[in-house]
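Visitor: Sequence:
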Amino acid sequence: MRWNDRIGRRIKLSDLHILLAVAQSGSMSRAANELAVSHPVVSRSISDLEHALGVKLLERTRRGIELTEPGQALLSRSYAAFDELRQGVKDIEFLTDPDAGEVRIGTTPPLSASFLATVVDRMVKRYPRMTFHIVIGGGEAHRSNLIDRRLDLLVFRKSTTLTHQLNFETLFESQYVVAAGKDSPWVGRRRIALADLVGENWAFPEPGDTFGSFVTEMFRASRLAIPRARIVASALEMRANLLRTGRYLTILPDFWLQFPEPHPYIRRLPVELPVTAGPIGIVTLKDRAPSPPVQRFIECAREVARPLAKRSRTNV
5 MRWNDRIGRR IKLSDLHILL AVAQSGSMSR AANELAVSHP VVSRSISDLE HALGVKLLER
65 TRRGIELTEP GQALLSRSYA AFDELRQGVK DIEFLTDPDA GEVRIGTTPP LSASFLATVV
125 DRMVKRYPRM TFHIVIGGGE AHRSNLIDRR LDLLVFRKST TLTHQLNFET LFESQYVVAA
185 GKDSPWVGRR RIALADLVGE NWAFPEPGDT FGSFVTEMFR ASRLAIPRAR IVASALEMRA
245 NLLRTGRYLT ILPDFWLQFP EPHPYIRRLP VELPVTAGPI GIVTLKDRAP SPPVQRFIEC
305 AREVARPLAK RSRTNV
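So the mapping is simple: this note's numbering equals the position in the sequence shown, first residue as 1, plus 4.
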């Protein structure tokens, strides 16, 4: 089959756009409402695509309309096609205004409030017309959005769940640390065993989230009973504010204490933890060339991370 025989003259971007809307909404009627077109227009577009390709793209189920296997194959490639067109338009805009542009970033709450905030602030000072969209959330949702090209990159701690579609570039190493308020009686000691702290007032994250499972594994690896938490809260800011009283302990990522500047009232305690954490870095989609604004962001992130990366090598 030659390109012009079936595809070049018969597949329209508008039809692919409608297929995408139907797949996301699960209904032709909802897709028509979202696109502000009539239901017959949506139905005709899908029919034209199926006729051009000679396969069925959609099927009705109890849950609504779903993509067939050929439909999924076509749509996965359509994401890339639309993304390349969008990137092309952005590249043209960048050529006319090199200080502007847009970067869409997925990250976690601790990184957004510390390292990423530092990078973005430095970028805004250099490129005041550049726009940054920061999306906070969990790892799996972010990876899906990156693969579907809704995000340009992720700033994340490396995990074992990265797929073959993704690249990971290490920026710096940052372990988790036991932290206390500067007025805590534990601050100032030269060496503390984790076992010495079991009976203290702990503020822990929810045991079911990623960080909470790390905390659980840390005590198990030390062959210690998991302390009964006085406060259970996934919000790191809440746990950090409790430390101000000097009566609580918690576990934090070390980088959070360093960006945008050394924390004024939280101190890390000299406790050796038995479980190591993965490096912090940038996750990008393979075979997707970064736009000029995205490349500038990556270069700035490397710059901000450089002092931490040097310190990590020194401590090895």
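Calculated directly from the structure, the hints in this document are not laboratory data. Yeah, the Cβ is synthetic: ideal placement off N, Cα and C, and Gly gets one too. Certain hints may be false.
Calculated cross-link-like contacts (lysine-lysine; reagent style DSSO-like; alpha-carbon spacing at most 27 Å) [to be verified]:
1) K129 with K16
2) K60 with K186
3) K186 with K129
4) K60 with K94
5) K162 with K290
So the derived label-pair ranges between C-beta atoms look like this [to be verified]:
6) D95 with H137: 16 to 26 Å
7) G282 with A239: 16 to 26 Å
8) S238 with E307: 48 to 58 Å
9) R48 with G282: 43 to 53 Å
10) A56 with E88: 49 to 59 Å
11) V202 with R90: 49 to 59 Å
12) A40 with V139: 33 to 43 Å
13) E88 with G212: 24 to 34 Å
Visitor: Within a Cα-Cα threshold of 27 Å, do K186 and K129 meet the stated pairing?
Guide: violated, 33 Å
Visitor: Does 16 to 26 Å hold as the CB distance between G282 and A239, or does it fail?
Guide: holds, 22 Å
Visitor: Is the hinted range of 24 to 34 Å satisfied by the C-beta distance from E88 to G212?
Guide: violated, 39 Å
Visitor: In this structure, is the beta-carbon distance linking S238 and E307 contained in 48 to 58 Å?
Guide: This hint is violated: roughly 31 Å between Cβ atoms.
Visitor: Kindly confirm whether 33 to 43 Å is satisfied by the beta carbon distance between A40 and V139.
Guide: Given about 26 Å between the Cβ atoms, the range is violated.
Visitor: State, for the Cβ atoms of R48 and G282, whether the hinted interval 43 to 53 Å holds or is violated.
Guide: With Cβ atoms ~50 Å apart, the hint holds.
Visitor: Would the hint linking K129 and K16 be met if the CA-CA limit is 27 Å?
Guide: violated, 42 Å
Visitor: Does the structure keep K162 and K290 at a Cα separation of 27 Å or less?
Guide: holds, 16 Å
Visitor: Straight-line Cα separation of K60 and K94 no greater than 27 Å?
Guide: The given pair, whose Cα atoms are some 34 Å apart, is violated under the 27 Å limit.
Visitor: Per the hint of 49 to 59 Å, is the separation of the Cβ atoms of V202 and R90 within bounds?
Guide: holds, 53 Å
Visitor: Take the C-beta atom of D95 and the C-beta atom of H137, compute their distance, and say whether it sits inside 16 to 26 Å.
Guide: holds, 18 Å
Visitor: Starting from K60, check that the Cα of K186 is at most 27 Å away, please.
Guide: Given pair K60, K186 is violated - Cα atoms ~65 Å apart, limit 27 Å.
Of the numbered hints listed earlier, those contradicted by the structure are 1, 2, 3, 4, 8, 10, 12 and 13.
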